[in-house]
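S.K.: Could you build the full structure based on these sequences and the hints that come with them?
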Amino acid sequence: MRKFFGILLFMTLIWACSSDDNGVSAPGEEPDPTLGPGEESFERGPMLANWADNIIIPSYEAFAIEIENLNTSFEAFRADASTANLSSFRASWLSTYKAWQRVSMFEIGPAETEGLRLNVNIYPTDASKIESHIVSGTYDLSLSSNRDAKGFPALDYLINGLGETDDAIVSKFNANDKAALITYTGAVLQDMTALSARVLSEWKQSYRDTFVANDGASATASVDRFVNDYIFYYEKFLRAGKMGIPLGVFSGSVLPEKVEAYHKADVSNELFLEGLNAAQDLFNGKHFGKSSSGESLASYLDALNSVKNGEDLNKLINDQFNAARTRVEGLSAFRQEIENNDPPTNMLMAYDEVQRAVPMLKVDMVSAMSISIDFVDADGD
Amino acid sequence: MASFFDKHIKTPVEAAPLAVFRILFGLMMLFSIIRFWSYGWIEKLYIEPKFFFSYYGFEWVKPIGDATYFLFVLCGLSAIFVALGYKYRIAIVVFFLSFTYIELMDKTTYLNHYYFISILSFLMIFLPANAYFSLDAAKNPKKAFQYIPAWTINSIKLLLAIVYFYAGLAKLNSDWLIKAMPLKIWLPSKFDIPFMGQFLHQEWVQYAFSWFGAGYDLMIPFLLLYRKTRPFAFVLVVIFHVLTRVLFPIGMFPYVMIISTLIFFDAGLHHRLLARLGILLKVGKQKFDNQQQLVLKNEAITKFKLATVVLFFAVQLLFPFRYVLYPGELFWTEEGYRFSWRVMLMEKSGYAQFKIVNGESGRWFYVDNSDFLTPFQEKQMAFQPDFILEYAHYLKNHFQKDGHKNVQIFVDCQVALNGRLSTTFIDPNVDLAQERESFAHKNWITPFKDEIKGI
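These protein sequence lines map, in sequence, to chains U and A.
Heads up: the first sequence is residues 1 to 381, going by our numbering.
Heads up: the second sequence is residues 1 to 455, going by our numbering.
It is worth saying that the hints were derived from the structure and are not from the lab.
A portion of the hints provided could be inaccurate.
[To be verified] Capping the alpha-carbon separation at 30 Å, the derived lysine-lysine pairs in BS3-like fashion look like this:
id, chain 1, residue 1, chain 2, residue 2
1, A, Lys157, A, Lys142
2, U, Lys258, A, Lys401
3, A, Lys143, A, Lys87
4, A, Lys405, U, Lys258
5, U, Lys236, A, Lys401
6, U, Lys258, A, Lys355
7, U, Lys98, U, Lys258
8, U, Lys315, A, Lys379
9, U, Lys315, A, Lys190
10, U, Lys236, A, Lys44
11, A, Lys287, A, Lys157
12, A, Lys50, U, Lys236
13, A, Lys396, U, Lys236
14, U, Lys236, A, Lys379
15, U, Lys98, U, Lys172
16, A, Lys405, U, Lys236
17, A, Lys355, U, Lys236
18, U, Lys236, A, Lys348
19, U, Lys315, A, Lys449
20, A, Lys10, A, Lys87
21, A, Lys396, U, Lys258
22, U, Lys315, A, Lys355
23, A, Lys62, A, Lys87
Quick caveat: nothing in here was measured; it's all calculated off a predicted structure.
M.R.: This is the structure:
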């Protein structure tokens with residue numbers, strides 16, 4: 001009898017210890033010294049550190065610098081709304097928009113709290129809402145109902161969509177009611193600047209350490225959450241948002257007005273390619289702005305594969321990214337592709353190539369890493 | 001043969017083990033229901049989804065909106081009544097029906113151990129679990145018996161033995177034994193478990209777990225049956241199930257199994273447990289020790305009961321082998337996979353993109369699955385053919401109501417199994433709107449490219 005209760009006690013203890021833990025292991029855990037070379041298990045901590053220190057934070061820093069430049073060229077344009085200043089404002093906008101493509105996928109931690117992506121890149125933008133805000137002069141850009149009246153798409157409308165020609169646009173900024181227009185443009189910029197500055201400083205101050213220390217394996221661990229966010233970005237924002245939705249693959253008819261940077265008209269493919277490159281660079285752990293690289297999903301797959309002797313997923317996924325890039329590089333700007341071709345066969349074929357990476361990431365990669373997609377909190381058996 | 005029959009079927013045995021089983025079963029089920037509710041799973045799994053996946057033939061079983069909570073209340077209450085042994089027969093019938101109804105509402109949540117609870121509670125309908133240490137027996141001494149026929153206890157042992165042994169048989173395949181799959185995928189990801197975590201990525205550990213797991217399942221019924229090995233076997237049961245609890249998110253199942261295996265012990269243990277419980281509840285156990293033997297009357301109802309139990313076990317023994325009637329790899333097609341004690345055998349996941357084609361105009365578009373399914377449903381749907389077909393028909397009806405004509409449904413479905421690269425799972429050229437669910441083989445499943453040897 002005593003033995004029986006002993007076992008029962010033991011059982012309860014283990015239960016208590018194991019009960020629904022989030023599996024956060026202590027940072028700085030010693031690697032197992034008994035492991036020989038080549039038998040090492042893959043450490044998630046260094047991969048998180050590589051992501052944070054060499055990719056995420058540098059990308060946000062580069063984005064912050066671009067935002068600063070954008071503000072500078074806006075100031076010049078505000079002082080003198082000439083066509084030359086419009087051109088340089090527009091060039092800054094495009095270069096900032098491209099830098100954005102390198103941070104858009106990091107919607108985790110501070111960016112998630114701020115809702116950065118929802119606040120700076122919801123398109124199509126609502127031109128009539130913008131116009132009415134400019135006229136009324138009363139608006140609160142922090143409201144979620146105004147997300148389609150600000151950010152890059154709103155700037156796109158303000159500097160590319162207000163008139164047919166540059167002269168027409170510039171004349172609006174020199175008309176009698178120019179003050180309201182300038183004020184609105186400034187407010188949109190101010191909103192973007194503040195949001196992105198908060199995200200960057202949060203990353204630098206505390207979130208970096210939180211992110212790296214949470215190196216366990218559970219639904220709430222950094223790797224699991226980040227990989228989910230990464231795949232979500234690739235599927236919903238890169239594949240569907242930039243190509244699929246305007247192509248009409250979810251609606252049955254083309255929706256060219258839903259391309260990114262609609263008013264600029266000729267850069268949507270560039271923006272897409274920047275996003276695709278960013279996604280591939282993250283996969284390979286390539287340091288921002290450098291040719292060096294560190295621990296990554298690719299090296300994680302290689303490490304797992306050395307045990308499993310399975311397919312070389314790293315190569316397959318990179319090949320697929322490359323195939324997708326080649327296809328998209330062969331396209332004109334998406335708005336032209338969609339508006340000038342019925343059906344837009346080449347772009348549809350490119351979309352298929354982009355799509356093919358989704359099951360590789362969402363099925364093969366996460367299954368190799370034993371990460372559950374859209375973690376579901378339910379029992380298994 | 002006659003003596004075997006006498007010994008295991010007719011001989012009167014102490015009723016205490018069955019009483020302990022009834023009490024612990026009732027409490028466990030009550031706790032499970034409370035746990036399920038407290039996690040918000042009723043809302044999440046049965047109220048929020050727009051669409052529910054049905055078992056073939058049970059399409060009429062659906063969640064009933066907010067009244068679904070009432071089902072869980074009913075189930076929990078009946079579990080209390082079962083534990084108390086009060087109005088036992090009605091209570092266990094209500095428990096079986098409510099629990100089974102809940103499980104039939106959406107096959108997304110199918111788990112082998114839910115099925116186990118369903119059939120166990122069905123079996124318990126026919127067992128005199130209230131003969132001893134129950135409110136029924138206390139209130140009506142005519143219904144109180146210290147001894148009951150041996151088969152009533154042995155039937156539970158047999159059911160447990162089937163669960164374990166069949167789970168062991170299912171592991172006798174080349175993926176599990178030769179490739180150590182899927183543990184080779186699952187274990188390394190548990191690197192952050194204290195002490196053990198650092199060893200889990202080592203290949204020999206993965207093989208050891210695989211082989212030990214298969215050996216455990218095959219041997220444990222016999223080790224539990226044999227008196228000399230029983231204490232050792234129980235220690236194994238505890239270690240094994242606690243280990244699975246630590247490694248995998250399997251909810252209440254380990255505890256249910258640990259508690260259930262107590263039935264293999266001699267009545268002495270159960271008498272001591274009940275004596276303590278009696279002191280705790282201030283209920284004298286002595287009044288149940290009335291030396292009375294329950295002898296089932298030789299009448300039609302008894303014969304019907306026994307025939308049902310025999311039929312039940314015949315089904316349990318044969319049903320898991322129905323997969324041999326289907327062509328193709330079982331793990332791939334999953335035709336005959338459920339209800340067969342195939343537990344934690346596969347790392348399988350998929351991706352399914354549905355294409356809706358207007359047969360008249362030829363216009364087409366893709367479906368965003370998150371418009372119709374919860375992430376959990378989408379995940380389960382993407383690698384199980386019967387889910388894919390049912391969802392395809394749901395989509396067809398939905399878009400026909402939207403005014404689309406001649407709707408055709410195609411799917412691009414990629415599935416990965418046990419570390420193999422994902423490959424096409426469903427023939428992308430088959431219009432699923434034209435296919436019907438049945439027990440026949442689904443010939444639109446793309447044949448498995450590899451081979452898995454074994455049972």
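S.K.: If a hint holds in the structure, say so; if it doesn't, say that too.
M.R.: Now for the hints, and whether the structure bears them out:
1. Lys157(A) to Lys142(A): holds, 27 Å
2. Lys258(U) to Lys401(A): holds, 27 Å
3. Lys143(A) to Lys87(A): Holds, because 12 Å separates the two Cα atoms, which is no more than 30 Å.
4. Lys405(A) to Lys258(U): Within the cut-off at roughly 27 Å; holds.
5. Lys236(U) to Lys401(A): holds, 27 Å
6. Lys258(U) to Lys355(A): Distance of about 21 Å is within 30 Å: holds.
7. Lys98(U) to Lys258(U): Within the cut-off at roughly 18 Å; holds.
8. Lys315(U) to Lys379(A): Between Lys315(U) and Lys379(A) the Cα gap is close to 26 Å, so the pair holds against 30 Å.
9. Lys315(U) to Lys190(A): Judged against 30 Å, a Cα distance of about 26 Å means the pair holds.
10. Lys236(U) to Lys44(A): holds, 23 Å
11. Lys287(A) to Lys157(A): holds, 27 Å
12. Lys50(A) to Lys236(U): With Cα atoms ~22 Å apart, Lys50(A) and Lys236(U) stay inside 30 Å; holds.
13. Lys396(A) to Lys236(U): holds, 24 Å
14. Lys236(U) to Lys379(A): The given pair, whose Cα atoms are some 17 Å apart, holds under the 30 Å limit.
15. Lys98(U) to Lys172(U): holds, 27 Å
16. Lys405(A) to Lys236(U): holds, 28 Å
17. Lys355(A) to Lys236(U): Between Lys355(A) and Lys236(U) the Cα gap is close to 17 Å, so the pair holds against 30 Å.
18. Lys236(U) to Lys348(A): Between Lys236(U) and Lys348(A) the Cα gap is close to 23 Å, so the pair holds against 30 Å.
19. Lys315(U) to Lys449(A): Holds, at roughly 21 Å.
20. Lys10(A) to Lys87(A): holds, 25 Å
21. Lys396(A) to Lys258(U): holds, 27 Å
22. Lys315(U) to Lys355(A): holds, 29 Å
23. Lys62(A) to Lys87(A): Within the cut-off at roughly 28 Å; holds.
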